[in-house]
Amino acid sequence: MAYRTNHKKPQDMDFDLIVIGTGSGGGVAAHMASSKGKKVAVVEQEKIGGECPNYGCVPTKAILQAAETYKVIKHAKNFGINVDKVSVDMPAIKKWKDQAVKNTGTEEGLSAYNADGIKVINGHAHFINPWTISVAGKRYKAHHFLIATGTHDLVPPIPGLKETGYIGYRQALDLTALPKKLCIIGGGAIGSEFTHYFSTFGVEVHLMEFAERLMIREDVEMGELLEAIFEHNGVNVHTGSKVIKVEKKGSQKVVSFEHLGKIQTITVDEILLAAGKVPNTDLGLENANVDYDARRGITVNSMMQTSNPHIYAAGDVVGGYMFTHVASYQSRIVGHNMFSTLKHVADYRAVPRCVFVDPEFASVGVNEQELREKGLKYQSAIISTAIIGRANTSQEDTGFVKILADRKGRVLGASIVAPRAGEMIQELTLAVQWRMKASKIDYTMHAYPTWGQAVRICASKIVCR
Amino acid sequence: MKHIVKRAGHTELYDERKLYASIFSACQSVREPMGSAELIADKVVSDIAEWIEKKHEVTSNDIRHTASKHLSAYNPDAGYMYLHHRVVW
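First to last, the sequence lines map onto chains P and S. Everything in the first sequence is counted per this note's numbering, starting at 222 for the first residue and increasing by one. Everything in the second sequence is counted per this note's numbering, starting at 5 for the first residue and increasing by one.
Please note that the accuracy of each hint is not assured.
Stated by the list, open to error - Here are the simulated DSSO-like cross-link-like pairs (lysine-lysine), alpha carbons at most 30 Å apart as the crow flies:
| id | chain 1 | residue 1 | chain 2 | residue 2 |
| --- | --- | --- | --- | --- |
| 1 | P | K466 | S | K6 |
| 2 | P | K498 | S | K58 |
| 3 | S | K6 | P | K359 |
| 4 | S | K47 | P | K229 |
What the hints assert, rightly or not - Calculated Cβ distances over 10 Å to all of chain P for the following chain S residues:
| id | residue |
| --- | --- |
| 5 | A12 |
| 6 | E20 |
| 7 | V34 |
| 8 | G39 |
| 9 | E61 |
| 10 | D66 |
In short, the hints are calculated from the structure, not lab data. Here a beta-carbon is modelled for each residue, glycine too, at the ideal position from N, C-alpha and C.
Throw the hints in and build the complete structure from the sequences for me.
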């Protein structure tokens with residue numbers, strides 16, 4: 222917070238609420254406020270719907286479905302199906318991806334807002350004072366604001382990177398030809414999913430990760446297994462590596478990186494940057510007395526209020542868990558708190574986290590390292606998914622279920638690697654959220670033969686008192 | 005057309021020459037040689053032009069803080085002087 226302004230609240234307001242950003246963090250609260258009879262406006266400078274349906278979750282899952290289909294066909298012979306020739310048609314994959322985005326209805330988002338009587342203002346919003354924003358040369362005043370402006374790509378200060386050129390994940394989604402060799406900088410969820418996508422189609426992928434292992438915020442088993450899977454699939458995983466320089470060499474790009482004190486170089490056709498995200502805070506927040514950190518985002522309390530109580534913030538712009546389901550959860554809290562005397566508070570104990578590689582990786586709650594750091598006594602159980610019936614019929618024997626519980630057996634956290642881990646984690650999310658004992662999962666009948674059985678078997682290993 | 009909202013509440017047209025002059029003065033006040041002071045002022049004005057591109061209205065405080073941030077990257081002392089000496093716009 223650089224400076225503070227002192228402005229009196231104006232008498233004549235244009236709106237009860239102005240929402241800046243129409244993604245998951247903004248849209249939910251806008252519709253909730255409108256349904257309560259409030260006069261609402263939304264400001265959007267890009268596509269209606271924000272990151273998730275246009276550039277994030279939806280298009281990436283659409284192209285990953287193409288990769289999964291390719292893999293299934295390649296292995297069809299194992300199940301008695303003969304397929305003569307398999308080829309990848311990148312323009313057709315892009316067309317499918319665009320169709321999947323269209324199917325979400327974001328293009329009709331404008332009419333949905335109009336139908337609810339919500340005014341849509343196009344342009345970049347900038348606070349002039351705590352009660353007024355300026356958009357495209359016009360000023361709008363409101364009793365409340367919700368900032369849900371999302372993030373943009375972090376571009377690390379690597380010498381030569383800007384001059385050499387790179388693509389971000391938005392450009393990667395629109396590629397109509399596969400690079401032969403690709404360097405992906407960043408081994409988080411985005412980097413890992415694109416590593417899986419490109420390597421499935423035979424691209425030589427070099428995955429660079431500064432941390433000592435992939436998925437550094439999750440349990441050790443997750444990162445180690447992901448690295449092993451990638452390497453088994455021919456990916457060159459460079460953990461503990463720092464990219465120090467990028468240069469252009471003809472039509473190719475030379476990436477220099479340091480690993481264990483030694484400098485190595487690789488030559489690739491393209492560089493895909495997935496090094497993280499930075500909250501979009503260039504909104505004149507100082508004029509609105511809203512505290513923020515340029516790297517971590519806008520500071521909010523548990524009721525999603527910023528340092529200026531009539532201004533709320535939700536979604537990726539507040540940092541922390543950057544997921545669509547978290548953003549819409551926070552937006553629901555804002556939509557409630559803004560016009561109610563009885564406030565709701567955000568609870569992040571049971572945030573499910575998924576990485577859609579093959580097999581899927583999912584987790585919820587705390588990890589083992591966090592429990593150790595807090596000095597809490599806990600018990601853990603881990604089982605291989607290879608022991609269940611479905612693994613046999615699917616020929617998928619890589620994966621595990623791990624559950625962390627307190628001494629009484631109440632589930633605190635879990636990690637799953639399995640073909641349907643994203644679905645399986647829901648059961649454990651429920652358990653973490655409602656402090657259920659693992660025995661309740663164990664005593665619940667699970668259909669045979671499903672991947673969910675692995676959760677029940679793992680839960681049976683936890684001692685409940 | 006970019007507008008600057010002044011502290012008193014009125015607006016003025018954004019004038020790059022004013023910004024250039026104030027950055028140049030800040031550089032000179034910390035004994036930056038004249039030639040490099042001109043180069044730095046040019047760069048900061050160009051940085052601000054990029055930052056302000058999508059915006060129609062910003063406050064004079066926004067300009068002061070953003071210009072100071074960019075100026076500090078070239079000369080931290082000049083950036084400090086620029087931020088803490090009340091520059092009359």
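Exercise for the section: Would you pick out the hints that fail for this structure and give their numbers low to high? Expected result: Violated hints: 1, 4, 9, 10; rest satisfied.
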